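Here is what each chain is made of, one letter per residue.
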Amino acid sequence: MSIVIVFLMCTIQANAQKNVPNITVKNLDGSTLNMDKITKSKGVKILNFWATWCVPCINELDAISEVYEDWVDETGVELIAIATDDARTKKRIKPLVNGKDWEYKILLDENQDLQRALNITTIPHVVVIKNGRIVFRHTGYFPGAEDQLYDVVKKNAK
Amino acid sequence: MKKKLLCLSLALACSIAFAQNQNEEDKRNYGTLTGGFESIVQWYNDDPGLGKFAEDEHVRSNNYLKLDYNIGNWFAGIQVESYAPMPLLNYSPKLDDTDIAQYYAMFKNRKLEITVGYFYEQFGSGLILRGWENRPLGINNSFRGARIKYEPSNSLSFTGLYARQRDGFEVSEGEIYGFNSEIDLTNLFKLETSTLAAGFSYVGRKEDIPEQFQNTGFDELTNTFSVRLDYSGNSFYSGIEYITKSKDAIVNTQRYIENFVEPGSGFLVNFGYSQKGLGIDATLRRLENMSFFSEREASGNVFNENIMNYLPGLTKQHDYLLTNIYVYQAQPTISVPDPSLLKFGEIGGQIDIFYNFKKGTPIGGKYGTKIALNAAYWAGLRGDFNFTDRQANIDYFGFGEKYFSEYSLEVRKKWNRKWQSIFYYVNQYYNERFIVDKLGVVNSNIGVVETTYRINSKRSIRAELQHLWTPDDMKNWAGATLEFNVNPRLSFYVNDIYNYGNDNEEDQIHYYNVGGSYARGATRVAINYGRQRGGLICVGGVCRFVPESTGFTLNLTTAF
Numbered sequence: 001m002s003i004v005i006v007f008l009m010c011t012i013q014a015n016a017q018k019n020v021p022n023i024t025v026k027n028l029d030g031s032t033l034n035m036d037k038i039t040k041s042k043g044v045k046i047l048n049f050w051a052t053w054c055v056p057c058i059n060e061l062d063a064i065s066e067v068y069e070d071w072v073d074e075t076g077v078e079l080i081a082i083a084t085d086d087a088r089t090k091k092r093i094k095p096l097v098n099g100k101d102w103e104y105k106i107l108l109d110e111n112q113d114l115q116r117a118l119n120i121t122t123i124p125h126v127v128v129i130k131n132g133r134i135v136f137r138h139t140g141y142f143p144g145a146e147d148q149l150y151d152v153v154k155k156n157a158k
Numbered sequence: 159m160k161k162k163l164l165c166l167s168l169a170l171a172c173s174i175a176f177a178q179n180q181n182e183e184d185k186r187n188y189g190t191l192t193g194g195f196e197s198i199v200q201w202y203n204d205d206p207g208l209g210k211f212a213e214d215e216h217v218r219s220n221n222y223l224k225l226d227y228n229i230g231n232w233f234a235g236i237q238v239e240s241y242a243p244m245p246l247l248n249y250s251p252k253l254d255d256t257d258i259a260q261y262y263a264m265f266k267n268r269k270l271e272i273t274v275g276y277f278y279e280q281f282g283s284g285l286i287l288r289g290w291e292n293r294p295l296g297i298n299n300s301f302r303g304a305r306i307k308y309e310p311s312n313s314l315s316f317t318g319l320y321a322r323q324r325d326g327f328e329v330s331e332g333e334i335y336g337f338n339s340e341i342d343l344t345n346l347f348k349l350e351t352s353t354l355a356a357g358f359s360y361v362g363r364k365e366d367i368p369e370q371f372q373n374t375g376f377d378e379l380t381n382t383f384s385v386r387l388d389y390s391g392n393s394f395y396s397g398i399e400y401i402t403k404s405k406d407a408i409v410n411t412q413r414y415i416e417n418f419v420e421p422g423s424g425f426l427v428n429f430g431y432s433q434k435g436l437g438i439d440a441t442l443r444r445l446e447n448m449s450f451f452s453e454r455e456a457s458g459n460v461f462n463e464n465i466m467n468y469l470p471g472l473t474k475q476h477d478y479l480l481t482n483i484y485v486y487q488a489q490p491t492i493s494v495p496d497p498s499l500l501k502f503g504e505i506g507g508q509i510d511i512f513y514n515f516k517k518g519t520p521i522g523g524k525y526g527t528k529i530a531l532n533a534a535y536w537a538g539l540r541g542d543f544n545f546t547d548r549q550a551n552i553d554y555f556g557f558g559e560k561y562f563s564e565y566s567l568e569v570r571k572k573w574n575r576k577w578q579s580i581f582y583y584v585n586q587y588y589n590e591r592f593i594v595d596k597l598g599v600v601n602s603n604i605g606v607v608e609t610t611y612r613i614n615s616k617r618s619i620r621a622e623l624q625h626l627w628t629p630d631d632m633k634n635w636a637g638a639t640l641e642f643n644v645n646p647r648l649s650f651y652v653n654d655i656y657n658y659g660n661d662n663e664e665d666q667i668h669y670y671n672v673g674g675s676y677a678r679g680a681t682r683v684a685i686n687y688g689r690q691r692g693g694l695i696c697v698g699g700v701c702r703f704v705p706e707s708t709g710f711t712l713n714l715t716t717a718f
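For the protein sequence lines, the chains are A and B, in the order given. According to my numbering, the residues represented by the first sequence are 1 to 158, in order. According to my numbering, the residues represented by the second sequence are 159 to 718, in order.
Next up, chain B with everything else stripped away, as it sits in the complex:
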């Protein structure tokens, strides 16, 4: 592994020397090479508080080196990934190698773009297709194949692709066919102060059917269609999207359910109003059997692999430790493990309000006061399932079991040149039985106070106090953070969340962390020592389960 990396960095050094010369001469063009490198090294140790580290390999690392080369209209690149000696805890076991994980070559001019190799793509809002990368979540759902994008005019754009999906260092069994069109109707309707756009997409997934499930009412090829319309005016905007999925076998926790075949659909409406100092946004969504995988049997896998579309939980994304314990995840799947746990999909929505109390008003004070409100409500689709003839009857606009609700209020206030604060309150209802298959529901209230004090123009201190109140599940939590910013480049922090309310005294654990970071230019080095809370780690409405651990983490990122 070392040898490979060393060779690579040597090659890099040589090509960079080239690039340098070219800058100086400016006569010959050898193109430009850019890239990025990220390394996360974790050393897990035995912690008397959490128990012995029972897995193989105490020291593990994830490393990513990305190189892109461009000359004129031509682009090419690779991504080398190294999981040595093993990937970090709870990354997919398929990531067990050091190798070139992705490569691409692309030609691009004003109207045409042709890519072969690995690429990322999103159609519309991603409800029908999205290939993306998120390293902290261990997600890389890029596509390997060929893609053509064509823009005959400013108001028309078309994309066609054929691919298999990345799956560890391999690709999926299933083949993917995609077509997307975006049509700007603004000029057609001669709109002057607003825009109107339509979109149409098709995505097909073709995968062999195991022999015992052949001729049971679904095809190798599963077809999905999406139509969209978006309007944006001066202060009002709205969008609507409808998706259908053809009949396909229902697969739960990676196993086919015999003779259970259903179509799927999705419906998304969004509208909002905004003017200076005020913004309102509302989103409603209904998903029925809309999970879509590049391999049928990947349905329900815990590593978020083979997911072809993007179905995030539409709730506010929080940035504080205790607000991220009970996080809603979208429930798009049909799942019928037993008569008391029938799930057909989800229906619900959320509303956001942003308001700025102006400077000089009683509430605004000298610097103004900013508030943000969010309310979200999600329920299961109401329906019935007949276990003998495998028949589901699902209401279109019926609200069934309540899954989740949340109300939050954020107030930001600057007191004077030195002091500013954020107040944050969240009320949550979290149906553990239906969301994560545990018992019961959790009703919780969370309060956060954050204050920053500027010592001088470079130096500052930030403190956070958090508390979570709940009579359910693991009971009360308290948390605190203290951050000392030495200068804009160097910072240290210590934080702790403490489950002091837990009924079981052994589980009244402090999850403490201490660390620091140094950033210069496009390079950032961060170190951390502490305990990781077990449970769901969520980014962008997608969650990954991580076990508890204690250890030292080194994170290096750079771009060049």
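Isolated chain A (complex conformation):
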């Protein structure tokens, strides 16, 4: 079993997923949006998978929110917060985002189609894309991870 896992890991290291699948997600007003709208535009973007009930996710988005203006000014990066809330909690997204004064673009992946297509099992999960290609991924949030994330953004924004 362990040999198989190690073997799998090796093959995996060799080939990381490069593209974001063209899955349909929703805007906050309920209208649909295909992910290629986002991946076909140039520049560096952060896709942040979160949910209203996930405390570390909120911590991360709160932390980035404090420095987000500087990030945008310096690198032109755009953060897209993709909520994976289902019907139980999705109604909380809009008041929470406004209550927190976040400036991010918010999308909704209600039945987790995009999350599944990117094989994300745990949130928070960030995916950094440059000109539509995945250049960085990270699972989980601890204080300070936003600095590491910004280093990646700066490197790719050059």
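No lab work stands behind these hints, which were simulated from the structure alone. The model shown is predicted, which means the values in this text are computed figures rather than measured ones. Errors might be hidden in some of the hints.
To be verified - Below, in silico cross-link-like pairs of lysine-lysine (DSS-like), each with a Cα-Cα straight-line distance of 25 Å or less:
hint, chain 1, residue 1, chain 2, residue 2
1, B, Lys616, A, Lys158
2, A, Lys37, B, Lys307
3, A, Lys155, B, Lys616
4, B, Lys572, A, Lys105
5, A, Lys40, B, Lys269
6, B, Lys266, A, Lys26
7, B, Lys616, A, Lys26
8, A, Lys90, B, Lys434
9, B, Lys266, A, Lys40
10, B, Lys434, B, Lys307
11, B, Lys517, A, Lys105
12, A, Lys90, B, Lys307
13, B, Lys516, A, Lys105
14, A, Lys18, B, Lys266
15, B, Lys348, A, Lys26
Once you have looked at the hints, place chain B on chain A.
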């Protein structure tokens, strides 16, 4: 099993080599292969504190390998699942194999999408139909069959499907017919700063009726209809949904109740207001006999199998250990075990308020202060049941027995560049008799303080203190967590919840856990050793019962 996996990973390696070449050449397109792998291995040991591990197999594992292939407009994939030598504690005994659990092929272009094989689907908010996967809960209610989605224009979308539902490594007896339409009315009404959308769905479930219950007033085919209207303006939004279900036999704890046939209905209203720094949201819901299974006799099964729709408990989802002991679950079912326990459905609602005290104000301080308030109230539908002629009379807007209430307040405060805190208070009323069929009610108060200290730009410490006060059930609990984040990739934690108030001294147990995780790219490895509290484990308002256990857990997830 090993052989199968090895073959699979070899095949994977070969195809990945292909994909690599293709990247370099960029002339021929062999398509792309992506996937994910997750493995959870648990080693259960005998614990003098909890007693001997009385089940078979001390070492168990759940493994999931998902592969997706895409070339142009064509997509295909499989999910291999392996429960070896047995699934983890309290997963369905139907998950006892290593095999291809799901497969699909799909064609998709701008207007049309055709899928055959297994697929996930949700109509509207899921009240009428939802197929989904949640591995920690052991839920995989996907559908196997065929589905067509058609979008003739930006404002119209239609879905039609025929399927049976996944049930372990098999599929359900019942057949499912579904149709869904979403109509964007914004342009029709020439709205400029707001949107208006309507939805209509039909779901039918057809299943043979056992001989002794034939001709007792219900059909093989049970029909459900849903109509929805959603409005979203600049700061105000609202939505409404109504569902009906045709007459069907009442089945309690997987057994038909003779001559008891009832229709069902559901009603959901939501509205909210939000502007910068303030958000308010309110939801009301009434459910009468709305549980819906792909096999009638699955009603009341403890593994959440064969559930066709999604009826979550509409309360705040908590993320702390002691706030998740008394969790409300939706009560959509008609159940009449005895005259003192009559349940016809539920009615209630919840309200959320989010507010940000701005930087520079007295309460806001230098960094601002964020608060979140939630209040929820749920009761049974008021009604009467006549045991002799099997007749239920149910009030439409009558509140019956109180099932649950909750008030919570969360305050988030950043003190300076190094310190930040969260304060959390919850008051709960939990009717154990009606929610989990135990005796009595539980009144509880819970307080949580969480503080994070940043040592430097990479390193931090997080500490949590929790306490639950109640004169009922298992009495008081205390809990604590300490987490050391070495860097953004590596973290260690130790936590403990302690039922020190329990009247029975033997049950004053520490449920301690210690572990760590390492994450790099899309790969995460986590290990844990400790005691699992028995009871309901809930994610997203759906709960699974787990027994107490002690042991070592290894969790590996990766995507490629």
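Worksheet item: Which hints from the list above does the structure break, by number from lowest to highest?
Response: 7, 10
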